Amino acid sequence: MNTSLALAVFSHAKHSSAELAACRFADESDFYASVPFSGCMILQTCNRVEILIHGGADALSAYLAEAGKEGFAVLEGEAVLSHLLELAAGTQSLIVGEDQILGQMKKALSAAEEAGAADAVIS
Numbered sequence: 248m249n250t251s252l253a254l255a256v257f258s259h260a261k262h263s264s265a266e267l268a269a270c271r272f273a274d275e276s277d278f279y280a281s282v283p284f285s286g287c288m289i290l291q292t293c294n295r296v297e298i299l300i301h302g303g304a305d306a307l308s309a310y311l312a313e314a315g316k317e318g319f320a321v322l323e324g325e326a327v328l329s330h331l332l333e334l335a336a337g338t339q340s341l342i343v344g345e346d347q348i349l350g351q352m353k354k355a356l357s358a359a360e361e362a363g364a365a366d367a368v369i370s
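If you read the sequence shown in my numbering, its first letter stands for residue 248, the second for the next number, and so on.
It should be emphasised that the hints constitute simulated quantities derived from the structure, not laboratory data. A few of these clues could be false.
[Said to hold, decoys possible] Calculated cross-link-like contacts (lysine to aspartate or glutamate; reagent style EDC-like; alpha-carbon spacing at most 16 Å):
1) Lys353 - Glu333
2) Lys316 - Glu360
3) Lys316 - Asp366
4) Lys261 - Asp305
5) Lys316 - Glu361
6) Lys316 - Asp305
7) Lys354 - Glu275
Since this is a predicted model, take the numbers as computed values, not measurements.
Could you build the full structure based on these sequences and the hints that come with them?
Structure, rendered in structure tokens:
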């Protein structure tokens, strides 16, 4: 089984609030209905938009370009896992160490599972 992961990151660290608002996906149900990946999850908070996919970075970059979403950093391989662990630990938060992000990550995964978008690799 192919277990490759890619992650698109758009966050407060490099973008303004206005830029964050512009890059959001307005309807997550529509997002999940339209993505061409075998597994995916979207995390949207006031400080970030992140898309995790079961697939390669090139496919994720192509999807973002087609959707008209620019400015995302796309990670792959071990960088994905490192980023997700740092995110869950609160080190990527505006207020370093805050724990609200962990609950937001759990909620995003639950939403992906409910939408049928989270395959075994994402879950």
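Hint check:
no.	hint	result
1	Lys353 - Glu333	15 Å, holds
2	Lys316 - Glu360	24 Å, violated
3	Lys316 - Asp366	24 Å, violated
4	Lys261 - Asp305	22 Å, violated
5	Lys316 - Glu361	25 Å, violated
6	Lys316 - Asp305	14 Å, holds
7	Lys354 - Glu275	13 Å, holds
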